[in-house]
Amino acid sequence: MEGAPVAAAPGGAVVSLVLDRRQGGRPGLHALLCGVSHYVHLPAGGGERAERTFGLQQLSSTATTVWRFYQWLLAADREGRLPLPLATVQLLLAPAAAELEAEPAMGQAGAGLPTRRGFVGAARAWRQAASASDDEMTMFYFAGHGVQRQQKDSVLLLHDFGDPGIGGPLVNAIDVRQLVAGMAPPRNPARRIARRQLYFVDACRMPVGDFQQHEWQNVPDLWVVELNGLDDRAAPVFFASVPGASAFATAGDQTLFSQALFECLDRLGARSPRADDPDPRYRVTTLSLISALSQAIEAVNAEHRAEQTFAPDGQQRDVPIVFHDRPPEVDVRVSVDPDLAAPRLRLEVADRLGQPSHAVDDPAVHPWDFRLPAGLYTFSARLRSEPDPPFRATSQLEKVELPRAPVTLRVGP
Amino acid sequence: MTRVRVEWSPEGERLRGLRLPVEVRTPTLALAAETTTGGELDLEPGRYVVSARLPSGQALSRIVDVEGERHEVVLAAGPAHPAEPAATFASPRARQAIERAAAARGEVALRLEEGLRRAADRRRPPRAPVRRRRLSLPGTPSGPAGGASMLDRAGSLWTSAVEGVQTLLGGGSAPAREEAVRPAAPPARLRFFVARPLELRADPVAVDLEVAEADEDRAVLRVPPAAAVRCAQVLQPGRPPVNLALPTSEEAGCLLVVHREPGRDGLAGSDGVPGRYWVEVQLERPLAALLLGYRRNNALSEERSTAERLLVEAGSDPVAAALAAWSLLRFGGHDGLGENPERLRRGVPWLPDGPALHGELLALRGDHGAALDAFLEVRGRGLPLFSDGLSALHARLQLYARSPGEFAAHRLDPVRRLLGLLQPFLAVLDLTQPVTTFNGLDPARPDDDPLPEALPQTAGGLDLAELF
Chain R
1 MEGAPVAAAP GGAVVSLVLD RRQGGRPGLH ALLCGVSHYV HLPAGGGERA
51 ERTFGLQQLS STATTVWRFY QWLLAADREG RLPLPLATVQ LLLAPAAAEL
101 EAEPAMGQAG AGLPTRRGFV GAARAWRQAA SASDDEMTMF YFAGHGVQRQ
151 QKDSVLLLHD FGDPGIGGPL VNAIDVRQLV AGMAPPRNPA RRIARRQLYF
201 VDACRMPVGD FQQHEWQNVP DLWVVELNGL DDRAAPVFFA SVPGASAFAT
251 AGDQTLFSQA LFECLDRLGA RSPRADDPDP RYRVTTLSLI SALSQAIEAV
301 NAEHRAEQTF APDGQQRDVP IVFHDRPPEV DVRVSVDPDL AAPRLRLEVA
351 DRLGQPSHAV DDPAVHPWDF RLPAGLYTFS ARLRSEPDPP FRATSQLEKV
401 ELPRAPVTLR VGP
Chain A
1 MTRVRVEWSP EGERLRGLRL PVEVRTPTLA LAAETTTGGE LDLEPGRYVV
51 SARLPSGQAL SRIVDVEGER HEVVLAAGPA HPAEPAATFA SPRARQAIER
101 AAAARGEVAL RLEEGLRRAA DRRRPPRAPV RRRRLSLPGT PSGPAGGASM
151 LDRAGSLWTS AVEGVQTLLG GGSAPAREEA VRPAAPPARL RFFVARPLEL
201 RADPVAVDLE VAEADEDRAV LRVPPAAAVR CAQVLQPGRP PVNLALPTSE
251 EAGCLLVVHR EPGRDGLAGS DGVPGRYWVE VQLERPLAAL LLGYRRNNAL
301 SEERSTAERL LVEAGSDPVA AALAAWSLLR FGGHDGLGEN PERLRRGVPW
351 LPDGPALHGE LLALRGDHGA ALDAFLEVRG RGLPLFSDGL SALHARLQLY
401 ARSPGEFAAH RLDPVRRLLG LLQPFLAVLD LTQPVTTFNG LDPARPDDDP
451 LPEALPQTAG GLDLAELF
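Protein sequences appear in the order of chains R and A.
Mapping of the first sequence onto the numbering used here: position 1 corresponds to residue 1, and the numbering continues sequentially without gaps.
Mapping of the second sequence onto the numbering used here: position 433 corresponds to residue 433, and the numbering continues sequentially without gaps.
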């Protein structure tokens, strides 16, 4: 079921299970999604002001980002493109008022509040669902404020961060390292847990000076971390910023990291399978995503004049994340050499089976930019009137593959 | 079946003999097979796409129709990065330095030409036989790629500019080329230490450097082999000192690549806003350099296959083996490590990465007692040479320190002490660098404090400006 009202667990903790399609015995994908734009104890949060706010302000796009990731998961599941059927989704959202106005459905989905209590409850339920078998899969996405106490460290700040009624500035926060460690395979071989786990941490990792002055500003344990048994997980962690840098966002829209991520999941990260793979579909995998994200973030930065950064971490065993029913579209740029011949030519493109795929017949345009599905193509430059020395028609067989395919056709001296 | 051999013909001594990972794909681009350049494989006759990639991103690709008993495929290079071959193994940051230096050189040449034209207009001299060469920067349509040609062009442009000045001045004695037109290299010093930072010791040491290559924007220094944990320290005014671990062993040295970056207006040191240096470590062994290059450029598929090969081919080179092992651990390939981590720990008593690797492998296997013993050995050897090692060590020790129920109390005391020694390094560690890199004037006491705007006279070490 989707969009069910939030259920209350024993003890009053809110469990934000918005989707539960578990079918006994069949492995599935379990998602824990948490988007925090509204911080109740930061300025303009409406709650009692935190004793120390560390310069942090309300956010305007992080809840929307997580909501869109949720929608992406639902769509990919409907289309049968996820590695496993979507089984459970724990959704925690604290949107800003403007975000709710722009996407009212966010307020009607039955999401829980990402308070410390809400997150702990959701995380425990998520881990329990992921413990049904070793064949389960998990995805985690957090977008909101994050800080670091030291290098290789990321602490996620929750909706009630800075509550002056509770001691210590980091009590309503989550240590990512603890989150990941707590999902490790247990030593007891009778106990199971998903071996494919993906973590997306879309938050700043700004070093807050005050935090660093106190060596052990402890973040309370999310759960008891038992030391692992054989840890053969695929557990990549995708950090949206390298240590000491900010994560950037388009105000009121979504974060720049998520824009790049969606571009990679939907196109740029797609790779062809092995020839002996029974599943012939293109797929985005752990490694292809890491490789493609760097380029996608460069493009997003260029578009928005930002300095978004990205750092992969964790165990990067290569596993599929999402499949594509068709080869990805590739940006193709065709030029002729010498370029002054361009007005005298028209371009024809045929696929590997000889079927026409694309044509350009505009003397005013050069080079020619268009998109083609990845594959092999014959690019032919034909003269508008023959003969036309010193230029000549030509054809070339070329590979069209991500990230982009530049093609140069030599048509004259 | 057809026996297919794949070759490539690179520019430059360092690239020749390098075996790049090669992918062979069907016409639908499905992956049919993998090999390396210089390698052979059997394929059914038909059409294939054969491709490889350099760390800097340059693609080498051929579409071939395989037939007959034997077939050779020679991979051709696609559009080269403007900074090839100098940038083959470099990180994106280093390539940025190379590109900025090339762009600045173009700006300098254009300004000199403009200056000469204005001087000519003012003086209305007779037409002077000034030799002018059309400026072509590497990678622009009119210029071929290559760092060497960049130097040639820059050098010839300086020559023609000076000759032009001489002619305009009526043939009087012209100032020396360096004084007249060459901007001063920014100040910086390079020092070396034998580092035992976990014992709070770092002793200066002399290193017999060899200048392997040098041009106007880049110098390559060869650090000779040594079975010791050493670091190079770069001192630049106004910036925190940077310490780089030197991944050398008895079997192989390493290279320090010094890139000179222009100042704000493109002219290093000429406007009061000095340029700077970007220094990067490269391994001497070509396959290890290739792996490090792929790692720096997030070419993970190539990194993984290169690491698998390097682990086999490292032989008695423990540093190369450690580099390969860290990569494979990250890709979850600890099954393929075999006994290598234990061999590095027990057989190479000076290498910190040995016990760190073995500890991490044991921890992944769930043998935490033995892992703890291994991790604690690191203290006596020093900081791991690779940042993966420092990260893994710190993360595991933190986890163990917060698991009092798992270990006897007396076993956790040294864990907490070692954590206390490690934490200052984690605070200033540059995790974007695969080789351990951290800030601090004293390599045993890291910090982020920048140096003053003028380097102290007593700094010692090699004057980097003398390289340029």
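I should point out that these hints are in silico values taken from the structure, not numbers from a laboratory.
On a predicted model such as this, the values are computed, not experimentally measured, just so you know.
Glycine included, every Cβ here is placed at the ideal spot set by N, Cα and C.
Among the clues, some could well be false.
Now the stretches of chain R that chain A is said to cover, found in silico as 3 or more residues with beta-carbon under 8 Å [as the list claims (entries may be wrong)]: (1) 58-71; (2) 135-144; (3) 230-241; (4) 271-277; (5) 340-349; (6) 397-411.
Negatives, chain R to chain A, calculated, CB over 12 Å [what the hints assert, rightly or not]: (7) GLU48; (8) ARG52; (9) ALA76; (10) ARG195; (11) ARG305; (12) ALA311; (13) ARG371.
Negatives, chain R to chain A, calculated, CB over 10 Å [unchecked claim]: (14) GLY24; (15) GLY25; (16) GLY80; (17) GLN108; (18) ARG177; (19) ALA181; (20) ARG187; (21) GLN315; (22) PRO327; (23) ARG352; (24) ASP361; (25) HIS366; (26) GLU386; (27) ARG392.
Against the structure, the hints come out as follows:
1. 58-71: That given contact is violated, which follows from only 0 residues of the stretch 58-71 of chain R lying within Cβ reach (below 8 Å) of chain A.
2. 135-144: violated (count 0)
3. 230-241: holds (count 5)
4. 271-277: holds (count 5)
5. 340-349: Contact hint for the stretch 340-349 of chain R vs chain A: violated, 0 residues under 8 Å.
6. 397-411: Satisfied; 5 residues make the cut.
7. GLU48: 31 Å, holds
8. ARG52: Label holds. Min Cβ-Cβ 21 Å, cutoff 12 Å.
9. ALA76: Nearest chain A Cβ is 22 Å from R/ALA76, so the label holds.
10. ARG195: Incorrect as stated: the minimum Cβ-Cβ distance to chain A is 10 Å, not above 12 Å.
11. ARG305: The assertion about R/ARG305 holds, with a minimum of 17 Å to chain A.
12. ALA311: 7 Å, violated
13. ARG371: Correct as stated: the minimum Cβ-Cβ distance to chain A is 16 Å, above 12 Å.
14. GLY24: 29 Å, holds
15. GLY25: 27 Å, holds
16. GLY80: 20 Å, holds
17. GLN108: Nearest chain A Cβ is 40 Å from R/GLN108, so the label holds.
18. ARG177: Violated: least Cβ distance 7 Å, not greater than 10 Å.
19. ALA181: 6 Å, violated
20. ARG187: 6 Å, violated
21. GLN315: The claim breaks: R/GLN315 does not keep its Cβ more than 10 Å from every Cβ of chain A (closest is about 5 Å).
22. PRO327: 7 Å, violated
23. ARG352: About 5 Å separates R/ARG352 from the closest Cβ of chain A, which leaves it inside 10 Å; violated.
24. ASP361: Consistent with the label, R/ASP361 stays out of reach of chain A, its closest Cβ about 26 Å off (over 10 Å).
25. HIS366: Nearest chain A Cβ is 14 Å from R/HIS366, so the label holds.
26. GLU386: It holds; R/GLU386 is separated from chain A by about 27 Å at its closest Cβ, greater than 10 Å.
27. ARG392: 21 Å, holds
Of the hints listed earlier, those the structure fails to meet are numbers 1, 2, 5, 10, 12, 18, 19, 20, 21, 22, 23, in rising order.
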